[in-house]
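Asks: Chain by chain, the residues run as shown.
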Amino acid sequence: ETGVTQSPTHLIKTRGQQVTLRCSSQSGHNTVSWYQQALGQGPQFIFQYYREEENGRGNFPPRFSGLQFPNYSSELNVNALELDDSALYLCASSRSGGGAETQYFGPGTRLLVL
Amino acid sequence: GIQVEQSPPDLILQEGANSTLRCNFSDSVNNLQWFHQNPWGQLINLFYIPSGTKQNGRLSATTVATERYSLLYISSSQTTDSGVYFCAVLYSGGGADGLTFGKGTHLIIQP
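Same order as they appear, the protein sequences are chains F and U.
The number in this note's numbering is simply the position in the first sequence, starting from 1, with 10 added.
The number in this note's numbering is simply the position in the second sequence, starting from 1, with 400 added.
Honestly, the hints are just simulated from the structure, not real lab data.
Treat the hints with caution; some may be incorrect.
Claimed, not checked - Chain F regions said to be covered by chain U (calculated; three or more residues, Cβ under 8 Å):
{"#": "1", "segment": "46 to 57"}
{"#": "2", "segment": "115 to 121"}
Unchecked claim - Over the 10 Å line for every Cβ pair with chain F, so calculated as not near, a few chain U residues:
{"#": "3", "residue": "407"}
{"#": "4", "residue": "408"}
{"#": "5", "residue": "441"}
{"#": "6", "residue": "469"}
{"#": "7", "residue": "481"}
None of these values were measured; they are calculated from a predicted model.
From the three backbone atoms N, C-alpha and C, an ideal C-beta is built for every residue, glycine too.
Turn these sequences into a full structure, and let the hints steer you where they fit.
Replies: Listed below in structure tokens is the structure:
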């Protein structure tokens with residue numbers, strides 16, 4: 011186990027709704043990254059939070075937003091859900107921002123949008 | 401952005417066989433990780449290996465950064481090795497600090 015936890019494990023929403031996913035980082039890690047993995051594909055980088063600020067962002071629209079809290083846990087918020095948002099959402103924690111550190115992944119949240 | 405290509409896309413082997421998985425990347429990197437994704441979706445860290453060679457039991461990995469490729473070796477395969485293996489890299493030239501993943505190699509080990 012990596013020590014990274016995510017909740018909930020599964021979620022079903024309807025198109026147009028909003029969703030919040032949660033991630034607790036491994037002890038001693040101050041950086042959290044979020045990824046989206048569609049079925050049959052590799053994970054795609056959404057954004058990274060380092061010391062409570064967004065530290066980098068992939069090619070995702072603004073309706074994907076996040077937060078990091080003083081204890082380094084993080085939330086991913088998705089507004090105006092679309093069918094294509096159905097995916098496995100993974101968070102990863104690492105010791106520091108900058109990227110040249112091992113990233114450890116949580117078990118993921120499976121989101122289904124109907 | 402940086403491109404990552406993994407080969408082969410699919411691999412079916414008998415238990416006990418050896419295998420080599422390849423990852424090619426298009427630019428210089430300061431992070432390269434190999435993962436095994438189990439059937440429940442968990443990404444299990446295998447190696448952090450932006451350069452050099454590492455071994456862990458039946459698994460070993462080599463990254464030749466100057467030639468922009470990495471290899472993952474699995475010896476004496478077991479059925480529990482089945483799953484999808486991903487290579488993921490981070491471009492060293494700056495920009496977003498997220499890993500770029502390849503499409504994976506789907507490995508099936510038959511008893």
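Asks: Which numbered conditions among the earlier hints are violated in the structure presented, ordered from lowest to highest?
Replies: As far as the earlier hints go, only 5 is violated by this structure.
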